[in-house]
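Mind docking chains V and G on chain P? Use the hints.
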Amino acid sequence: MPLSLSQLAESTGAELCGDGACEIGRAADVIQAGPGDIAFVYTAKYSQYLTTTRASALVVSRALAEQCMLPCLIADDPRLVFAKVVALLNPTARPPAGIADTAVVNPNAKIDASAYLDSGVVIKAGAIISAGVYIGANSVIGENVTIGMNTYINTNVSITRNCVIGDDCTLHSGVVVGADGFGFVKDGNSYFKVPQIGSVLIGNRVEIGACTSIDRGALGDTKIGDGVKIDNQIQIGHNVEIGHDTVISACTCIAGTVKIGANCLIGGAVGIRDNIEIVDNTIVTGRTFVSNSITTAGVYSSSTLMDTNINWRRNASRFKELDSLAKRLKILEKKIDDKLK
Amino acid sequence: MPLSLSQLAESTGAELCGDGACEIGRAADVIQAGPGDIAFVYTAKYSQYLTTTRASALVVSRALAEQCMLPCLIADDPRLVFAKVVALLNPTARPPAGIADTAVVNPNAKIDASAYLDSGVVIKAGAIISAGVYIGANSVIGENVTIGMNTYINTNVSITRNCVIGDDCTLHSGVVVGADGFGFVKDGNSYFKVPQIGSVLIGNRVEIGACTSIDRGALGDTKIGDGVKIDNQIQIGHNVEIGHDTVISACTCIAGTVKIGANCLIGGAVGIRDNIEIVDNTIVTGRTFVSNSITTAGVYSSSTLMDTNINWRRNASRFKELDSLAKRLKILEKKIDDKLK
Amino acid sequence: MPLSLSQLAESTGAELCGDGACEIGRAADVIQAGPGDIAFVYTAKYSQYLTTTRASALVVSRALAEQCMLPCLIADDPRLVFAKVVALLNPTARPPAGIADTAVVNPNAKIDASAYLDSGVVIKAGAIISAGVYIGANSVIGENVTIGMNTYINTNVSITRNCVIGDDCTLHSGVVVGADGFGFVKDGNSYFKVPQIGSVLIGNRVEIGACTSIDRGALGDTKIGDGVKIDNQIQIGHNVEIGHDTVISACTCIAGTVKIGANCLIGGAVGIRDNIEIVDNTIVTGRTFVSNSITTAGVYSSSTLMDTNINWRRNASRFKELDSLAKRLKILEKKIDDKLK
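Protein chains in written order, with the working numbering: chain P, 10 to 350; chain V, 10 to 350; chain G, 10 to 350.
Treat each hint with caution, since some may be false.
Identical copies look the same in the list; a pair holds intra-copy or inter-copy alike.
[Stated by the list, open to error] Listed next, the in silico EDC-like pairs over lysine to aspartate or glutamate satisfying Cα-Cα at most 16 angstroms (straight line):
id, residue 1, residue 2
1, Lys202, Asp177
2, Lys268, Asp230
3, Lys339, Asp85
4, Lys195, Asp235
5, Lys268, Asp235
6, Lys350, Asp230
7, Lys344, Asp230
If you are wondering where the hints come from, they were derived from the structure by calculation, not from laboratory data.
Excised from the complex, chain P in its bound form:
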């Protein structure tokens, strides 16, 4: 169902410019857009499209508004306005409440009447499934797990005993919450498993990407704050604590008992060693190895930069001489200083 540009302006709080009656059916990229579409131009780099796009309307930054001849929404934060426009044009429709025939619900679980459990879903004893929850096909909810209101759990998700998921969360397919943390103690020639008796406590408005795993705590709990956004293929070890509204990109590996503050941005493929702390508002760039605690907010990095293989070989082999090079340089400096005296 199309919406008028003035409806979109009103719902997003953006400033309307031009024909508010203009009907918008779809959000699209400014290059691919056609009649009936709304697209966006945020930066001068794309300003050429202000005049060449076939879109019916645009979301534009205030700086570009004057150059825009199409009906448009002018916004101080055009990315946010456009995201809201996309959401308005693509309302997510959940199926009506109900329990699919092949779902298996333990009689001692408590399922709100407004929840939806798809085919093959398994709910164990003591679980609480709150109002408006959606659980996708073949997902398994363990004993005494609580799922908060309106949380959306996609297909083939596993949540193990006692874990708590807050309200308005989204768990994508293949997510595992509450597997045992990785703890073993040497016992003679082999290992004795440290029982992982803690749980996982996940706040509200948390998003967890496909194939991500969050381990349960050993003694205490693993804790994910409100509004945390976790991408795909991420490992979160036992007893990790993550502050509210921190964002973590794909393939990041967080070892046990790491404490990450609130409002952090952790890039993709980052490694964070065990038992360290990262303060609020920290940014860690992609591929960094966080080898010690970060006590001052800022931007942190490691990794090396790409080169042609032939150059890289030459330089990488010199890495093993770094300490020796530094020492030789110092000796040379001294020799010359002595000589020049």
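Just chains V and G now, with coordinates in the frame of chain P:
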């Protein structure tokens, strides 16, 4: 069922040498092989086995053919011939067409009569399952997904709404295709989710390894070209495009809106940052961090080389002095040049 | 059910000190512990808690025993004793034997009467499920797979044809064992798949973390030794062999045909390239890239250390000059030596 060496020669196009009636039942490693087995020797390094192997026949490179006293298949590309021999000796048998009792198929899905849906499979409305498709137990195919002819989907796979999988693809267990891309815009103190309304379009003859996730596009689609081979535990972000016949090894992390050309070889555990492009025929070695676009085909690397921990500590700590070392060296060079004048 | 401290002493072999009748119901962290809890203090760093904890009893190292006024268990290896205490206080209760209504068991599979198969479990023809095995909901056990005694398989696990899992193993949710190894041979402009006809053989007492994948062998088998502990999100390629009691932390990527010895410790996010060997008793620290074989036991590392982004940029850009810096330093040394002669 054993095949004669001459049958194998004919089917693979290799040159037969020796007793074509020799019956071959199994492909094996040259060291473990016994009577009835065929093994291979490609390189001089293994030429000793030409005479000591207990195999009944060998696939050999042309260069080694003269030294081979056993019945053999001589090939310019012995790896390819041997792979074909293994395939001939191990035909994959799919179960007869049908839908298992506990599969749940929406009446508005279209299932070809020659497809096989195993137990616990869930097929949503509007899905199209083409001729010869195999879908393994407990896999879930979302609304309006299309699965092309003869595609093999193993167990516990999730494919989300609207995605398109081509013909003759193989998806291993635990694969997730079409989870939401990772897009959020700051909205006051928290984040607003950018709706991910694009899809995933996968070509023909694509292989996707276990536990790999491929996100749907934000506005446009994520696109995987024909013949692309993707290993396990790989992350492919939203709106990534991968050209035909590119091969990507395990644990590689590809951020959003990356464009990889055709015929590339991307090593294992590579990280590729968002919004960059890699031209056709590029080779990226394992563990490289691709921090900027690659505009010329070639071999590219980063990473550092392993050392004993004690040496590594010394050298790694000097990394933080690199810039200073370089500057001090320059000063020293100048001092000496001045002095020597 | 609480246990007395003397019962705990007896079962763990620790030395009892103080009131053995003291009833212990729960294991807890020394800071959070309260009445009825047992906690631990292993190191002098935490010795302040010996007097301030509200726990009823403590596990302490021998060195700290004298300072402990509470009833306690004194141990030479307090970590091991405490782990055993936690296990005693948290016995794992498995459900009674049986097969859930929605499990689908092929008539040609052999299921021990003492095994438990949860809802949605699928067992294929020829599979052998031994005594005391637990298989979690929606897991799929392929043709001719053998699962050893008392092995615990959590939810949504996939085990593919012919694989063998030993006794007393634990496989966490989302694990995939036996997907095809990643092998392709160039065939003209595209790739021919090398059939992966080997299997995966897993020993006894192996633990496999959530979302980890272990590929089947190409010709021979992938082999995981007794007592090996494998964390989450790990990739183990085809024909890898891992010796007994080796421990591998999360997100590590092991390429094909790697041979890792016994009693090794492999850190998190390590990358190990294909076709190399690592001897017994080797330690590889987190994030290392193992680019060649390790022939002498020891501790090995690579990676670079984190810095502020601004410093890192300066130094990382100099990495590309390393070889040139080294050469320039050598020239300078010679010049000065000549001069000083």
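For each hint, the structure was consulted:
1. For the identical chains of this complex, Lys202 and Asp177 are inter-copy neighbours only, at 12 angstroms across copies versus 35 angstroms inside a copy, given an alpha-carbon limit of 16 angstroms.
2. For the homomeric pair Lys268 and Asp230, the shortest alpha-carbon distance inside one copy (12 angstroms) is at most 16 angstroms, but the shortest distance between copies (36 angstroms) is not.
3. For the homomeric pair Lys339 and Asp85, neither the shortest alpha-carbon distance inside one copy (54 angstroms) nor that between copies (48 angstroms) is at most 16 angstroms.
4. In this assembly of identical chains, Lys195 and Asp235 lie within 16 angstroms of each other by CA distance solely across copies; the values are 14 angstroms between and 37 angstroms within a copy.
5. Taking identical chains as interchangeable, the C-alpha atoms of Lys268 and Asp235 lie at most 16 angstroms apart only when both belong to the same chain, with a minimum of 15 angstroms there against 34 angstroms between chains.
6. Neither within a single protomer nor between protomers do Lys350 and Asp230 lie at most 16 angstroms apart by alpha-carbon distance, with minima of 65 angstroms and 69 angstroms respectively.
7. With identical chains, the CA atoms of Lys344 and Asp230 are never at most 16 angstroms apart, being 59 angstroms at best within one copy and 61 angstroms at best between copies.
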